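Once you've looked at the hints, dock chain B against the given chain A.
The primary structure of each chain is shown beneath.
There are 2 protein chains.
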Amino acid sequence: MFAPDFDKQGGLVPAIAQDADTGEVLMLAYMNEEAWKRTLETGEAHYWSRSRQCLWHKGGTSGHVQKVRSIRIDCDDDTLVLMIEQVGGAACHTGRRSCFFRELVNGEVSECSPMVFDPKEVYR
Amino acid sequence: MFAPDFDKQGGLVPAIAQDADTGEVLMLAYMNEEAWKRTLETGEAHYWSRSRQCLWHKGGTSGHVQKVRSIRIDCDDDTLVLMIEQVGGAACHTGRRSCFFRELVNGEVSECSPMVFDPKEVYR
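Each protein sequence line maps, in turn, to chains A and B.
Residue 71 in the working numbering is what sits at position 71 of the first sequence, and the numbering runs on without skipping anything.
Here the working numbering = 1-based position in the second sequence + 124.
Mixed in with the good hints there might be a few duds.
Stated by the list, open to error - Within a straight-line C-alpha distance of at most 25 Å, the following computed DMTMM-like cross-link-like pairs (lysine to aspartate or glutamate) qualify:
(1) 8(A) to 129(B)
(2) 67(A) to 148(B)
(3) 191(B) to 232(B)
Hints are computed from structural coordinates only; laboratory data are not their basis.
Keep in mind that this is a model prediction, so the values were computed, not measured.
Extracted from the complex, chain A is given alone in its bound form (with noise of 0.2 Å):
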């Protein structure tokens, strides 16, 4: 069976969107059992928002949805990986491809991931 352990962590699996071309992580979000089969159903990523405390069909809004190529899922059934396709290029609010646009190496942090829209004219 390829499903989630929802019941080991209150309900939730942490969910990792990793571009299925360049292999870059671009985001973490968790899901839910809802969450997890509204995904299988449409091809496309759902997540459950905790800060909204509500379904969230990603890139719902501003159309830059997560097609769902491939999903992982690891040794101990407690975290998934998303293979996807960002539509619009980017899946950070802030227009960044990533959210993980920032590094620390050798103890210098720098930017590591591209703006690709400006979440002014995305989010209005």
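Showing chain B alone in chain A's frame:
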């Protein structure tokens, strides 16, 4: 300030370990503040083991440590990506390179990460 906000999620943040050369996501574990500090001090990944409730120097027993080349943090400071070199070639206790070794594609499940070592030989 480049540091996770440990207060947001009960003292722990998820940390994704990604192979710095291949981009493969190898595992996800959790860090508390002590694990974060020890990782920065030593250059080797330390986590908080939720099952054993103790600081966990990954590979401390097997020798299969994770050498950290860089660390990325997300837009809301509550998730990390460690870009690592996995000594011994496998992150998973099953002997596979990645803990995410099962993949669902078009309704079919297959294995997607090779067996690197025999766990019976490494964990005695």
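- [ ] With a cut-off of 25 Å on the C-alpha distance, tell me whether residue 191(B) and residue 232(B) pass.
- [x] Judged against 25 Å, a Cα distance of about 34 Å means the pair is violated.
Open item on the list: So if I understand the rule, the pair passes when the alpha-carbon distance is 25 Å or less; does residue 67(A) with residue 148(B) pass?
Closed with: 19 Å, holds
Task: Pair hint residue 8(A) and residue 129(B), alpha-carbon separation not exceeding 25 Å - done: 23 Å, holds
In summary, the structure is inconsistent with hint 3 from the numbered list given earlier, while agreeing with all the others.
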